[in-house]
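**Q** Protein chains in written order, with our numbering: chain A, 1 to 275; chain B, 1001 to 1358; chain C, 2001 to 2555.
Note that these hints are calculated values from the structure, not bench results.
Don't be surprised by glycine CBs; every beta carbon is placed ideally from N, CA and C.
Treat the hints with caution; some may be incorrect.
[Claimed, not checked] Pairwise CB distance ranges (calculated):
#1 C:Ser2238 / B:Val1019: 43 to 53 angstroms
#2 C:Leu2498 / B:Leu1213: 50 to 60 angstroms
#3 A:Phe116 / C:Leu2498: 31 to 41 angstroms
#4 B:Asp1240 / C:Glu2501: 41 to 51 angstroms
#5 C:Val2226 / A:Pro153: 38 to 48 angstroms
#6 B:Gln1269 / C:Ala2196: 31 to 41 angstroms
#7 C:Val2226 / A:Lys108: 24 to 34 angstroms
#8 C:Lys2225 / A:Ala142: 27 to 37 angstroms
#9 C:Ser2203 / A:Pro153: 34 to 44 angstroms
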Amino acid sequence: MPLLETRRLTKRFGGLVALRDVDLAVEERTIHSVIGPNGAGKTTLFNCITGFLVPDGGDILFDGTSIAGLRPDLVARLGIARTYQNIRLFKHLTALQNVLIGLHPHLKYTLVDAIFRTPRFRRVEREAQREAEELLAFVGLAGRELTIAANLPYGDQRRLEIARALALRPRVLLLDEPTAGMNPQETQEMIDFIRMLRDQRQLTILLIEHDMKVVMTISDVVTVLDFGEKISEGTPDEVRRDPRVIEAYLGRGAASGLSQPSIVEQREAGQHGAP
Amino acid sequence: MSIAVPPLRALTGGRRIDVSQLIVWTIGISLLAIVGIGSILTLRAGHYSAQQWRDFVVFGIAQGSIYALIALGYTMVYGVLRMINFAHGEVFMSGAMTTFFFADYLNRSGFLKAHPWVSLVAMLLCGGLVSMTVAVLVERIAYRPLRGAPRLVPLITAVGASFFLQYTFRGLFGSGVRAYPTIPVLQGKLWIFQKTQVAVIVGVLITLALLVLFLQRTRAGLAIRAVAEDREAAALMGVDVDRAIVTTFAVGGFMAGIAGVLYALVFVQVQFYMGFLPGIKAFTAAVLGGIGNLPGAALGGLVLGIIESVGPSLFFDGYGIRAAHQLKDVIAFTILVLILIFRPTGILGERLGGEERV
Amino acid sequence: MTSRLVRRAILSGIVGGFAIWHVSLVGLVPAFAGRRLIGETITFSYVLLVAFLALTAFVAARRFPGALARVATGAVAGIVASLMMVLLSVVITHVNLRAIFLNATPELARVLRFGAADGTTGLLQTLAIGLVSGVLATLLASLPTPWPRTLVSAAFTTLLLGLLRDVVGPLLPRTITTFLYGPAGLTVQGAIVVLAVALLLFSARWFLVPQIAPAWARLPEAPRKVGSSAFLLLFLASIPLWAGLFLSNVANFVGFYILMGLGLNLVLGFAGLLDLGYVAFFAVGAYTMAVLTSPELPHGPQLSFWVALPIAIVATIISGVLIGLPVLRMRGDYLAIATLGFGEIVRLLVLSDWLKPYLGGAQGITRIARPEIGDWRIASPQSFFYLVLIACLAGWFLSIALRDSRFGRAWFAIREDEFVAQAMGINRVIGKLSAFAIGASLGGVSGALFASLVSSVVPASFSLLVSINVVALLVLGGMGSLPGVVVGALALVGLPELLREFQEYRLLVYGAILIAMMIFRPAGLLPERVHRRELEEAVEAEREVAPAEIATGRG
Chain A
1 MPLLETRRLT KRFGGLVALR DVDLAVEERT IHSVIGPNGA GKTTLFNCIT
51 GFLVPDGGDI LFDGTSIAGL RPDLVARLGI ARTYQNIRLF KHLTALQNVL
101 IGLHPHLKYT LVDAIFRTPR FRRVEREAQR EAEELLAFVG LAGRELTIAA
151 NLPYGDQRRL EIARALALRP RVLLLDEPTA GMNPQETQEM IDFIRMLRDQ
201 RQLTILLIEH DMKVVMTISD VVTVLDFGEK ISEGTPDEVR RDPRVIEAYL
251 GRGAASGLSQ PSIVEQREAG QHGAP
Chain B
1001 MSIAVPPLRA LTGGRRIDVS QLIVWTIGIS LLAIVGIGSI LTLRAGHYSA
1051 QQWRDFVVFG IAQGSIYALI ALGYTMVYGV LRMINFAHGE VFMSGAMTTF
1101 FFADYLNRSG FLKAHPWVSL VAMLLCGGLV SMTVAVLVER IAYRPLRGAP
1151 RLVPLITAVG ASFFLQYTFR GLFGSGVRAY PTIPVLQGKL WIFQKTQVAV
1201 IVGVLITLAL LVLFLQRTRA GLAIRAVAED REAAALMGVD VDRAIVTTFA
1251 VGGFMAGIAG VLYALVFVQV QFYMGFLPGI KAFTAAVLGG IGNLPGAALG
1301 GLVLGIIESV GPSLFFDGYG IRAAHQLKDV IAFTILVLIL IFRPTGILGE
1351 RLGGEERV
Chain C
2001 MTSRLVRRAI LSGIVGGFAI WHVSLVGLVP AFAGRRLIGE TITFSYVLLV
2051 AFLALTAFVA ARRFPGALAR VATGAVAGIV ASLMMVLLSV VITHVNLRAI
2101 FLNATPELAR VLRFGAADGT TGLLQTLAIG LVSGVLATLL ASLPTPWPRT
2151 LVSAAFTTLL LGLLRDVVGP LLPRTITTFL YGPAGLTVQG AIVVLAVALL
2201 LFSARWFLVP QIAPAWARLP EAPRKVGSSA FLLLFLASIP LWAGLFLSNV
2251 ANFVGFYILM GLGLNLVLGF AGLLDLGYVA FFAVGAYTMA VLTSPELPHG
2301 PQLSFWVALP IAIVATIISG VLIGLPVLRM RGDYLAIATL GFGEIVRLLV
2351 LSDWLKPYLG GAQGITRIAR PEIGDWRIAS PQSFFYLVLI ACLAGWFLSI
2401 ALRDSRFGRA WFAIREDEFV AQAMGINRVI GKLSAFAIGA SLGGVSGALF
2451 ASLVSSVVPA SFSLLVSINV VALLVLGGMG SLPGVVVGAL ALVGLPELLR
2501 EFQEYRLLVY GAILIAMMIF RPAGLLPERV HRRELEEAVE AEREVAPAEI
2551 ATGRG
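Working from the sequences, and respecting the hints, build out all of it.
**A** See below:
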């Protein structure tokens, strides 16, 4: 049974269909990439899975139970963590605080414990502190605990965002263009890191990525979306050879010799509509 | 293959619902019920004659058209800057307060009696110009250095500017109430209206017409509309954004000043504190109509003015509540809160939508 | 280069001149003309005027490299500003503006001439003072680092001691008082001594702290902390013993505002929700106390203070949730306006005749119970202070405990990015509501204590101005900063209580503070620890931009 699954997932914004009947099955401990041109609905898919958007049709299953329409914080507590295309850290807080916030659902003490600083509060906080420091060290940010997130270099911010997501102790990690804006060397490091997440941390990873080289090197499965519809799926090699994928990326004219202006217009609308 | 849909979602058509929302809606609906039942009780009791109701409505229209004029300033500034110019009520006050001295001078020199219409126009211009100056100064000092700051920051400076202006005028002119001179030609009634009310309504209509002409037909108006639509694109197209923003404040301030003088014609008395309530109510009107939406602001002003004028008697009299007129402002504030809760985009919708989403 | 220097100097001078016109005509300058600070001649008005002249010169010269250019710019700016003072003085003397500007009196004209008679000498004197202020201010700013601060702090301390003669005088031994203080303000020799001592202390602080600090830091943390807190606590506890009736009352009011500040800090500083109707919670606390204990109301239960207090707290918590629920989904600026609306609704309802049988209407409720412990009735402001102190300490430690727990971090997360906070498993409904509820409870305690101390409540005590006051003190101290709350309350509540003439201009100054702080120091006087470093970096960044602006001829 796949760990994360969408069944005929559909999401509309007004008249625009951002996702149409998307079936997706992410197997446990795999790296599953979602690719597609701008406005294909990739981020909308993430937003539906994480509960920020309520789908208009279809269902989302996590470990066999439906999570469609569940509040985002509950989805997160179930074990789905994500990062953002444009890094969204808690900018004015320290790196450590960022990670500690990720641990929030796992800290078991009550308001009364906190106010009176009971032994339980002290113990839980001490452990949380240690876990957060370990996570920072794991992503290579040891020694930067007290740095304000906004002051970290770009690559470190990406790493911190992943550390924060890991603090949720997720089973599935949704990464939205983790290598965007990175140079080749940083990209290679990120590729190794994502592999390590799968192999060492036993994580299941759902990935949105624009960089085809990245996608083709690390993915176990690739799903291609175009205009909100799944047009292809398979191993990197299968997808690479699929004529429909080539068509989607190079334009319909290239494959069929027909121009379809209405679709071009639609695509532009799609870029504005999908958040 | 059947598709599982969580039952709650099926009920609400895909929208998520939670307990907090449920409570809020319950409160809202019970308030509506209280108002509805109160109105029925009042109408049944029949304490008020048809003529009284008509007078309430007429008064509401006059009052509401003043709100509309102030509300346009809020809405225009919101349109170009996406911020609430909390100090706008004080801009309104500054025109009315300052023009008192001009009106008093005209009155004592006898010019007012000799040329009432010229004096009236001069007074309106005076109020408009003073408020315009104040609005532009506020923008320059309190808002411009903070462009691009988080949303709360300009709001805090706006609150600061509001109190600064209030107490500046109190310091300059004193805390006493000043009475505008009466204008003889505006005494008495014209059909069912007081003549001052007619003057107010006509004044507001002319100002609105001029505003529309300004926005549609002049380059400055075009620049304002371009900036409201998309600031970055406008800047790329060579529109001087700073200048468009200043113009917006100037135009909004000018109308607030005119509103201030018209307000003084109806209510006669002015003092340093007079800007707060009309300011808040005009903001309510702006949100009611859909902030950023010019016709909305005008409509919102009228609706609010009428509800506020008719409301206390209509809603509460039936319950036998003592001194219902004291609850006039409660009604206005309640409408404000309810609108913000249930329909923050207003009646006609926010023209300049596109709020931040996920 | 030269022409730009001159242009900038003149422009700054004119702006400074307008500022002086403003404070003069608004009445601040004449109001303080009677406040002698040092000797017979130096009044608060003169100090105010000189401060404006100096500030004008400082701002004009701030960004120029080279001491000579700075001093020249400062001198020109000072002269231009004082020229505008002269202009105002002449106009007021020869044209009667009093029908319009209340404060345009001959007295004001005299103050603007620094006490000289009308005529050329008086005007020249003003110009000379403008010149000297400008030069001195820019020279002062050119001194190496610790000195400008040390000198300004010492001068400020001296003036403050002069200003607070009526407060400080009675507290000191008689011989010292008669030496330092004349009939009004410091004597000249007193001022010199105070200035010298202050200079000594401040420079000692500047030069000794770097040497002492490491040694102090080497001490084990526990005794260090306990030692300094015990000292602070002893000092606070001793206040009623020496403070007297008036000062104790002031201290109590500062305490009420510290409590409210701590409460709003949870909402605004921690969770980032601007509540402009915070006074509603203060009112709910006060009125619950009043209704439950006063024998005046027909059906009042006439409970004792100690029974009513927890009920009042629960009532405010409930009102916090009730106000929090509807505004949960609102974005920041709408939330501010909606809470302001709630605050006004509460006040208007309390004021209305409709609810008069229950809440006393415009006349309010009197004869509210005082707390009793055994036979001891806590009624005097001095003894009441201990109650306020305990409440403030409780609020303080509550804030610290929450800040360092998952609850505080959840609020920070909501403040920083509500959506991401949710994706981190934080329930925003619970987060925001708990901030509102706990923040409200502190306001409720403050209100209940206030009602009991004053023994009466009237709607006029619960106007929007209270909310603005609390927001202003938070902004001044630094949103999110706990020491900032205390400093803000002392500066914005304590100081005005001590300066009667100032009362009328309180809100004028609050308004100016809100604007100035947001522009020049958004993190406040005592920024939250985490924020401080970031703020310093922002200032650095600004400095890097500045020369470029001058080069392109802007500003």
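**Q** Just to be sure I understand the hint, the distance between the Cβ atoms of Gln1269 of chain B and Ala2196 of chain C should be within 31 to 41 angstroms; is that true here?
**A** violated (56 angstroms)
**Q** Tell me if the beta carbons of Ser2203 of chain C and Pro153 of chain A are separated by a distance inside 34 to 44 angstroms.
**A** With Cβ atoms ~41 angstroms apart, the hint holds.
**Q** I want to verify a distance hint. Is the separation of the beta carbons of Lys2225 of chain C and Ala142 of chain A within 27 to 37 angstroms?
**A** Since Lys2225 of chain C and Ala142 of chain A have Cβ atoms about 29 angstroms apart, the given range 27 to 37 angstroms holds.
**Q** Please test the hint of 31 to 41 angstroms on the beta carbon pair from Phe116 of chain A and Leu2498 of chain C.
**A** Given range 31 to 41 angstroms: holds, Cβ gap about 37 angstroms.
**Q** Does 41 to 51 angstroms hold as the CB distance between Asp1240 of chain B and Glu2501 of chain C, or does it fail?
**A** Because 46 angstroms falls inside the window, the suggested range holds.
**Q** Measuring from beta carbon to beta carbon, are Val2226 of chain C and Pro153 of chain A in 38 to 48 angstroms?
**A** holds (41 angstroms)
**Q** Does the Cβ distance between Ser2238 of chain C and Val1019 of chain B fall inside 43 to 53 angstroms?
**A** With a Cβ separation near 50 angstroms, Ser2238 of chain C and Val1019 of chain B satisfy 43 to 53 angstroms, so the hint holds.
**Q** Holds or violated: the 24 to 34 angstroms window for the beta-carbon distance between Val2226 of chain C and Lys108 of chain A?
**A** Roughly 31 angstroms apart at Cβ, these two residues keep to the hinted range, so it holds.
**Q** Within 50 to 60 angstroms: is that where the Cβ-Cβ distance between Leu2498 of chain C and Leu1213 of chain B falls?
**A** holds (56 angstroms)
Consistency note: the structure conflicts with earlier hint 6 alone.
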